[in-house]
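Student: Here is what each chain is made of, one letter per residue.
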Amino acid sequence: MKKKVIGLIDGQSGNIGSINKAIKDIIKGRPYQLKIIKSHFNYTSFDKIILPGQGAYATLMSNLKKLKIIQPLKRYLENNSSYLGICVGMQILSDWGYEDKTTRGLGIISGDIKKFRNKKLIIPHMGWNTINLNKDDTIITNSFDKKDFYFVHSYIFQNIKKSDVLAFTLYGQKFPSIVKKGNIYGVQFHPEKSHKHGLNLIKNYILKS
Amino acid sequence: MLKTRIIPCLDVIKNKVVKGVNFKNIRVMGNAVEMAKYYSLSGADELCMLDINASYQNRKTFIKTVESIAKVINIPLTVGGGVSDLSDITDLLNAGADKVSINSAAVKNPKLIRQASLRHGSQCIVVAIDGKRHKNKMKVVIKGGREITKNELITWAKQVQSLGAGEILMTSMDTDGVQNGFDSNMLKKVTSNVGIPVIASGGVGSLEHFYLGYLTKSTGLLAASVFHSRKYKIKTVKKYLSSKGVPVRL
Chain A
1 MKKKVIGLID GQSGNIGSIN KAIKDIIKGR PYQLKIIKSH FNYTSFDKII
51 LPGQGAYATL MSNLKKLKII QPLKRYLENN SSYLGICVGM QILSDWGYED
101 KTTRGLGIIS GDIKKFRNKK LIIPHMGWNT INLNKDDTII TNSFDKKDFY
151 FVHSYIFQNI KKSDVLAFTL YGQKFPSIVK KGNIYGVQFH PEKSHKHGLN
201 LIKNYILKS
Chain B
210 MLKTRIIPCL DVIKNKVVKG VNFKNIRVMG NAVEMAKYYS LSGADELCML
260 DINASYQNRK TFIKTVESIA KVINIPLTVG GGVSDLSDIT DLLNAGADKV
310 SINSAAVKNP KLIRQASLRH GSQCIVVAID GKRHKNKMKV VIKGGREITK
360 NELITWAKQV QSLGAGEILM TSMDTDGVQN GFDSNMLKKV TSNVGIPVIA
410 SGGVGSLEHF YLGYLTKSTG LLAASVFHSR KYKIKTVKKY LSSKGVPVRL
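So the protein sequences, as listed, match chains A and B. Each residue of the first sequence is one higher than the one before, counting from 1 in my numbering. Each residue of the second sequence is one higher than the one before, counting from 210 in my numbering.
Incorrect hints may appear among the rest.
Stated by the list, open to error - Once the Cα atoms are required to be at most 27 Å apart in a straight line, the calculated DSSO-like pairs of lysine-lysine come out as:
#: 1; chain 1: B; residue 1: LYS273; chain 2: A; residue 2: LYS38
#: 2; chain 1: B; residue 1: LYS359; chain 2: A; residue 2: LYS28
#: 3; chain 1: A; residue 1: LYS147; chain 2: B; residue 2: LYS397
#: 4; chain 1: A; residue 1: LYS161; chain 2: A; residue 2: LYS135
#: 5; chain 1: A; residue 1: LYS203; chain 2: B; residue 2: LYS367
#: 6; chain 1: A; residue 1: LYS114; chain 2: B; residue 2: LYS426
#: 7; chain 1: A; residue 1: LYS119; chain 2: B; residue 2: LYS397
#: 8; chain 1: A; residue 1: LYS115; chain 2: B; residue 2: LYS246
#: 9; chain 1: B; residue 1: LYS367; chain 2: A; residue 2: LYS119
#: 10; chain 1: B; residue 1: LYS246; chain 2: A; residue 2: LYS174
#: 11; chain 1: B; residue 1: LYS426; chain 2: A; residue 2: LYS35
#: 12; chain 1: A; residue 1: LYS28; chain 2: B; residue 2: LYS273
#: 13; chain 1: B; residue 1: LYS273; chain 2: A; residue 2: LYS21
#: 14; chain 1: A; residue 1: LYS174; chain 2: A; residue 2: LYS35
#: 15; chain 1: B; residue 1: LYS280; chain 2: B; residue 2: LYS317
#: 16; chain 1: A; residue 1: LYS147; chain 2: B; residue 2: LYS246
#: 17; chain 1: B; residue 1: LYS280; chain 2: A; residue 2: LYS196
#: 18; chain 1: A; residue 1: LYS196; chain 2: B; residue 2: LYS246
#: 19; chain 1: B; residue 1: LYS397; chain 2: A; residue 2: LYS196
#: 20; chain 1: A; residue 1: LYS3; chain 2: B; residue 2: LYS280
#: 21; chain 1: A; residue 1: LYS115; chain 2: A; residue 2: LYS101
#: 22; chain 1: B; residue 1: LYS453; chain 2: A; residue 2: LYS146
#: 23; chain 1: A; residue 1: LYS119; chain 2: A; residue 2: LYS135
#: 24; chain 1: B; residue 1: LYS280; chain 2: A; residue 2: LYS24
#: 25; chain 1: B; residue 1: LYS246; chain 2: A; residue 2: LYS28
#: 26; chain 1: A; residue 1: LYS21; chain 2: B; residue 2: LYS269
#: 27; chain 1: B; residue 1: LYS269; chain 2: A; residue 2: LYS196
#: 28; chain 1: A; residue 1: LYS24; chain 2: B; residue 2: LYS273
#: 29; chain 1: A; residue 1: LYS146; chain 2: B; residue 2: LYS442
#: 30; chain 1: B; residue 1: LYS280; chain 2: B; residue 2: LYS246
#: 31; chain 1: B; residue 1: LYS367; chain 2: A; residue 2: LYS101
#: 32; chain 1: A; residue 1: LYS147; chain 2: B; residue 2: LYS453
#: 33; chain 1: A; residue 1: LYS135; chain 2: A; residue 2: LYS48
#: 34; chain 1: B; residue 1: LYS273; chain 2: A; residue 2: LYS147
#: 35; chain 1: B; residue 1: LYS426; chain 2: A; residue 2: LYS38
What the hints assert, rightly or not - Just the calculated beta-carbon pair ranges, DEER-fashion:
#: 36; chain 1: A; residue 1: SER163; chain 2: B; residue 2: ASN303; range: 33 to 43 Å
#: 37; chain 1: A; residue 1: ASN132; chain 2: B; residue 2: THR445; range: 39 to 49 Å
#: 38; chain 1: A; residue 1: ASN142; chain 2: B; residue 2: SER371; range: 41 to 51 Å
#: 39; chain 1: A; residue 1: LYS66; chain 2: B; residue 2: LYS344; range: 49 to 59 Å
#: 40; chain 1: B; residue 1: HIS343; chain 2: A; residue 2: LYS120; range: 26 to 36 Å
For the record, the hints were derived by calculation from the structure and aren't laboratory data. Glycine included, every Cβ here is placed at the ideal spot set by N, Cα and C.
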């Protein structure tokens, strides 16, 4: 049987150790193989791509450009291939990022990444918070509704179409904590740091789609 | 709703969790990797580990311990103690720390906070502040409280925020180690003057102390002895807080 190929992009935006280990544990003994993407890649040879990110939007975009990952990744996403973006890996799916400087994103899910509006909030939004599912999904199933995940971010997805928001979270305001368009998923929290529910989410993403 | 974080803190020498009052009568409480794994499984929201004897030889073993812990837990890990420059920060992040805590080095060289947060992002730079009352003023102290600096506590807390710290780990040297409760007064002064998350540290001895810590608007509550001695399980603390109406992850 042909093994499914999972790509994990190292965009030099934070440590990929935890997510790498989580994926390895999940695919152990199953017909999958994991490849780390650090440079230009053939987008047709991957069944799934995961991009974790930490830090700034502009930094991740410029890293992906420097590493020559951006073009094949864009083609991959425009093909509606299976993708999971984590934190900034989710945010760059948008049209524009307004962190530090205005940066053009991948333009896959329309919307902008802007700071939390409420000036009185403690920023970053750091810690465990609840996700509320807007609808049932084959991967993010009902079992994840009202569960807590670990967040650390100061910017959120805004001006997004309602139909692209799979789950929202409350912190001073409602904001999208999971976005989805076709086979492309983005989560604002860190499933790799979110104990058992986080690991189950990664597991569902890998095994169910 | 954002949950208040319960954070066990491991004071580590090489690969052992220790307990010692002012570095005297140091007692081994257990193996660091095993204790970290236990806390992660039993409901800790985050883990903090500090190298309390960061000599050159001990450091190598400590970094290996960080690597081993990062492999067995899947909650955020903050690592500190003996961080003196940018390369120390990079080493710890590469070993698997999610956040690095800087203390004395930041006091000596505040620019380090800016450099570190520009390089790695504010979200992974924690500034640990040790505060102590001195001549009716709250001052910043270093070397475990033995050296009083010129810095006034609130001015320093505001400064670390503007330099790019993502979080403050606030320990009161007036209450640390005596289990009479957090320094509510000092914590409230800090939380009301900064807009970044503050972790309360120093002095927890009872369940009510956790609740009083929550009332200071600290978003993380750190404790060591009450957990290591098995006086309280993390679940016990969370159930208690929940019964008082505090949002916690159960």
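Student: Each hint: holds or not?
Tutor: Here is what the structure says about each hint:
no.: 1; hint: B/LYS273 - A/LYS38; in the structure: 26 Å, holds
no.: 2; hint: B/LYS359 - A/LYS28; in the structure: 56 Å, violated
no.: 3; hint: A/LYS147 - B/LYS397; in the structure: 30 Å, violated
no.: 4; hint: A/LYS161 - A/LYS135; in the structure: 14 Å, holds
no.: 5; hint: A/LYS203 - B/LYS367; in the structure: 42 Å, violated
no.: 6; hint: A/LYS114 - B/LYS426; in the structure: 26 Å, holds
no.: 7; hint: A/LYS119 - B/LYS397; in the structure: 19 Å, holds
no.: 8; hint: A/LYS115 - B/LYS246; in the structure: 35 Å, violated
no.: 9; hint: B/LYS367 - A/LYS119; in the structure: 16 Å, holds
no.: 10; hint: B/LYS246 - A/LYS174; in the structure: 34 Å, violated
no.: 11; hint: B/LYS426 - A/LYS35; in the structure: 44 Å, violated
no.: 12; hint: A/LYS28 - B/LYS273; in the structure: 25 Å, holds
no.: 13; hint: B/LYS273 - A/LYS21; in the structure: 17 Å, holds
no.: 14; hint: A/LYS174 - A/LYS35; in the structure: 36 Å, violated
no.: 15; hint: B/LYS280 - B/LYS317; in the structure: 33 Å, violated
no.: 16; hint: A/LYS147 - B/LYS246; in the structure: 22 Å, holds
no.: 17; hint: B/LYS280 - A/LYS196; in the structure: 15 Å, holds
no.: 18; hint: A/LYS196 - B/LYS246; in the structure: 13 Å, holds
no.: 19; hint: B/LYS397 - A/LYS196; in the structure: 34 Å, violated
no.: 20; hint: A/LYS3 - B/LYS280; in the structure: 26 Å, holds
no.: 21; hint: A/LYS115 - A/LYS101; in the structure: 12 Å, holds
no.: 22; hint: B/LYS453 - A/LYS146; in the structure: 21 Å, holds
no.: 23; hint: A/LYS119 - A/LYS135; in the structure: 31 Å, violated
no.: 24; hint: B/LYS280 - A/LYS24; in the structure: 12 Å, holds
no.: 25; hint: B/LYS246 - A/LYS28; in the structure: 21 Å, holds
no.: 26; hint: A/LYS21 - B/LYS269; in the structure: 23 Å, holds
no.: 27; hint: B/LYS269 - A/LYS196; in the structure: 31 Å, violated
no.: 28; hint: A/LYS24 - B/LYS273; in the structure: 21 Å, holds
no.: 29; hint: A/LYS146 - B/LYS442; in the structure: 24 Å, holds
no.: 30; hint: B/LYS280 - B/LYS246; in the structure: 10 Å, holds
no.: 31; hint: B/LYS367 - A/LYS101; in the structure: 24 Å, holds
no.: 32; hint: A/LYS147 - B/LYS453; in the structure: 21 Å, holds
no.: 33; hint: A/LYS135 - A/LYS48; in the structure: 23 Å, holds
no.: 34; hint: B/LYS273 - A/LYS147; in the structure: 33 Å, violated
no.: 35; hint: B/LYS426 - A/LYS38; in the structure: 42 Å, violated
no.: 36; hint: A/SER163 - B/ASN303: 33 to 43 Å; in the structure: 41 Å, holds
no.: 37; hint: A/ASN132 - B/THR445: 39 to 49 Å; in the structure: 28 Å, violated
no.: 38; hint: A/ASN142 - B/SER371: 41 to 51 Å; in the structure: 44 Å, holds
no.: 39; hint: A/LYS66 - B/LYS344: 49 to 59 Å; in the structure: 53 Å, holds
no.: 40; hint: B/HIS343 - A/LYS120: 26 to 36 Å; in the structure: 32 Å, holds
When the structure is compared with the earlier hints, violations turn up for hints 2, 3, 5, 8, 10, 11, 14, 15, 19, 23, 27, 34, 35 and 37 and for no others.
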